[in-house]
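Peer 1: Number 545 in my numbering belongs to position 381 of the sequence shown; there are no gaps in the numbering.
Among the hints, erroneous ones may be present.
[Stated by the list, open to error] Derived BS3-like pairs (lysine-lysine); straight-line CA-CA distance at most 25 Å:
(1) K572 x K186
(2) K281 x K211
(3) K414 x K342
(4) K320 x K358
(5) K407 x K378
(6) K556 x K592
(7) K350 x K414
(8) K584 x K556
(9) K572 x K551
(10) K350 x K320
Quick caveat, the hints were computed from the structure, so don't treat them as lab data.
Everything numeric in this text was worked out from a predicted model, so none of it was measured.
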Amino acid sequence: MKFVAFILVYVPFTFAFTDVYKIDDTDGLGRRFDGIGGISGGGATSKLLMNYPEKQRNEILDYLFLPNYGASLHILKVEIGGDGQSTDGTEASHMHDPWDENYQRGYEWWLMVEAKKRNPDIKIYGLPWSFPGWLNPMGQRNPYRFPVLTSQYVVKWIQGAYTYYNVTVDFVGIWNEKDYDIVYIKTLRKELDKAGLQHVRVVAPDSPRINDWKISADILNDPELDAAVYAIGSHYPGTLSTKQAVETGKPLWASEDYSTFNDLTGGGCWARILNQNYVNGNMTGTISWNLIAAYYDTLPFTRDGLMTAESPWSGNYVVESPIWITAHTTHFTQRGWNYYRHGKGSGHFVLGGSYVSLTSPDGKDLTIVIETMSHDHSLCIRPPLPKYTVNKQNVKFEIHGQFANLTKLYMWKTVFNFKKNSSSTFFKQQVPVEVINGEFNLDLDVDVVITLTTVANKNNKSYPSPPPPAKEFPLPYNEDFENRSQVLHVPGTRDSRQLYMVDGSQVLYVPGTRDSRQLYMVDWSQVLHVPGTRDSRQLYMVDGSQVLHVPGTRDSRQLYMIDGSQVLHVPGTRDSRQLYMVDGSQVIHVPGTRDSRQLYMVDGSQVLHVPGTRDSRQLYMEDWSQVIHVPGTRDSRQLYMVDGSQVLHVPGTRDSRQLYMIDGSQVLHVPGTRDSRKLYMIDRSQVLHVPGTRDSRQLYMVDGSQVLHVPGTRDSRQLYMVDGSQVLHVPGTRDSRQLYMIDGSQVLHVPGTRDSRQLYMVDGSQVIHVPGTRDSRQLYMVDGSQVLHVPGTRDSRQLYMEDWSQVLHVPGTRDSRQLYMVDGSQVLHVPGTRDSRQLYMIDGSQVLHVPGTRDSRQLYMIDGSQVLHVPGTRDSRQLYMVDGSQVLHVPGNRDSRQLYMVDGSQVLHVPGTRDSRQLYMVDGSQVLHVPGTRDSRQLYMVDVKYYMYLELEIVDSCI
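Could you build all of it, start to finish, from the sequences and the hints given here?
Peer 2: Next comes the structure, spelled out in structure tokens:
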């Protein structure tokens, strides 16, 4: 028998299995990618960054926020400072007390501005770590006790970011790593909506993993809570979420993660969780605590940032591995891209590691991020990481769907090398990967990160020169911390304000003047107060512009800069004032005009002065409205805003004027009428002009009272206030008129009588109307004199001043009448005679009465002509002008009489005849005399019997 011996020899070898992974969007895509971010806060983690030299500080900020450069972060999350220790320090609240509001404290405002400057699309997320104690005065340290108060506190912070820094906050949280409160979350949403902040989305609960996902059950069972919460935010979730969290359909975020020493292992931790937060937990946003380790290394959680900047005195900083791991995703994706579904482009490799695929909204770009970080080289500080293994492997990708025809993918690679005396390679571009028939293979080592993408990114990724070397803090160092005076200067002008503290309040002072303003907070708004007066203004921001508001009124002014000068603008109008300094005093100028006002302080009150004149006005506050007062008089005006226009109101009356700008000039308008006056400066005096006419009035001050003068004439009127009403007085006479508003029209009233006249504008001319009648008179200027004209007739009267009395003259004749006041009634007197008539109103009609007699005539308008009627009779006479003389005509007959003046007496003449009668007054009665004869007749009224004499009286009365 033959035996054959077989010797079995064991030869070890490795089988190179290739696993296939599909990238397929034919059945749709996965969740929306919400971005990668960093946290500044919790607390004071960015404190040292502001102290760096400008060059190095800008380089650090570029590494964090500049698109396609360094980390290129999508989200900046900041602490809403609450005056409490919140890990590595305390961040100041914007409201230390309920009456305090300050948006200059701390450095998060500055950081948000710098981030937005580099990437306008970066999203801002605010979260309180602590709250000031006043939000819960009961001492229980529970800000949820008064949810409206706490919500408004958070809303103020959001508004302050936009108002003072033009930074839009996109997301807001509840309370860092504390139990959530459903009532507070709902209240916060309501207060945000009430404040017009519907775009600000609420992320909740920002709690550790042990409590984070339990809010999912509450959201599923409470529709109002579901509507209030935009995304569920978890802290250190260990890449895991829950089934209920996914069922809510809300974005799931690792709203705080990483918190690991930023060496190579820290970089490995960050690489693993950036991929596996989505692969394992469907989380679409991951935010690192912290953004940058800019705090002393003796504090807790040393170097737990994406990069390190802890030596501002040397300028040294370190771009750590997490920066480049972040770049593997952020340089080739944006918020709003979509992940591929699990098993269709995202998942785990069989031999360890993970991959995610993302595509742009327009379907033009594809990015695949791969990590193969081993267990020991990717440990995070929390939570504990279960054991697993990763091996070298060859993988095959098959691309289906919209990218099936790709021919190549750009490749970027990081290789971690944990061996001693060996260096790692971070974020280096490789030879592109060829894609053939939608397929390609890769050999994957352990501890590598690879990005494959259609995005051709060729930007320089780091600064060529390294930062200065680190060195010890220079000792000794001295600082006395004494108060210094801050000076605020408007560039290009002489406007310099000194800012200092008095009794704990901030004071703004104009050097060389007595102008000192106290600056403090009321109801969380900034208030500028003139000490010793009631002048308090609220100062806040709207659309990036400064707005000055008088609380309790609608007076709001926009303040901005043009050509180095400060401009005060009334929104919605063309009213813009230039504000600058001359010789240490503040000057307000209306551009394009000569209107310049000097503003200074006298005895703690603000005074507005027209240089070169005696016009000085005292400006103070009464019941939160601005009041302008002429010192030494009772003239006080209330100034406020209506519908974006400035309104000047006389308190206690209906006199309200609208003030706005046209063509660089100030216009005063009576709302609801066509009365518009242009106000400008000539020779340092204020001039009031009626556009389209020659009516110009000079306004100045005499003995502390306001005087209105018609240039070239002796017409000067004194304007002051009596019992809250405006009174126009002719000095040296008893002529005083009360001026107020009715139904938007200006009314001139003679106190103690029923005489009220409506004053408005027609076609650029001033019209005086007697309400309830057709009596309308046109008032304009000719050769510097005022003319009163009856439209449609030739009746024109010249109005001027003689010996401080008002005189009405018929041009071309000797007819001049003196007009003054007796016992509150208006009296028309013929100088040199005893002819005096009392003029008042009855039932809206004008009545001319001869005192001591029963002679009363009604005067009104018909068809543009003046008609004089004897009440209770059919006697109506038409009065008009012919060749500069007054003619009285009886309608329907040929009776027309010419009336003129001879030697100060009134003469009635029948044209074409020698009939001339002299008319004067004796003992209060009217006498008609035929010159050259002894014919003198006393004329009075008895049951309206004497027709001819009535005719004569009619003529006289019409004058």
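Peer 1: If a hint holds in the structure, say so; if it doesn't, say that too.
Peer 2: Verification of the hints:
1. Between K572 and K186 the alpha-carbon distance is near 16 Å, which keeps this suggested pair within the 25 Å criterion.
2. This hinted pair checks out: K281 and K211 have alpha carbons roughly 19 Å apart, not beyond 25 Å.
3. For the given pair, K414 sits about 21 Å from K342 by alpha-carbon distance, which is consistent with the 25 Å threshold.
4. For the hint pairing K320 with K358, the CA-to-CA distance comes to about 12 Å; that is within 25 Å, so the pair holds.
5. Restraint check for K407 and K378: satisfied, since their Cα atoms lie roughly 11 Å apart, inside the 25 Å limit.
6. Taking the CA atoms of K556 and K592, the gap is about 20 Å. The hint holds against a cut of 25 Å.
7. Between K350 and K414, the direct Cα distance comes to roughly 17 Å. Compliance with the 25 Å bound is thereby established for this hinted pair.
8. Between K584 and K556, the direct Cα distance comes to roughly 21 Å. Compliance with the 25 Å bound is thereby established for this hinted pair.
9. Between K572 and K551 the CA atoms are separated by roughly 36 Å; this puts the pair beyond 25 Å, and the hint is violated.
10. Between K350 and K320, the direct Cα distance comes to roughly 17 Å. Compliance with the 25 Å bound is thereby established for this hinted pair.
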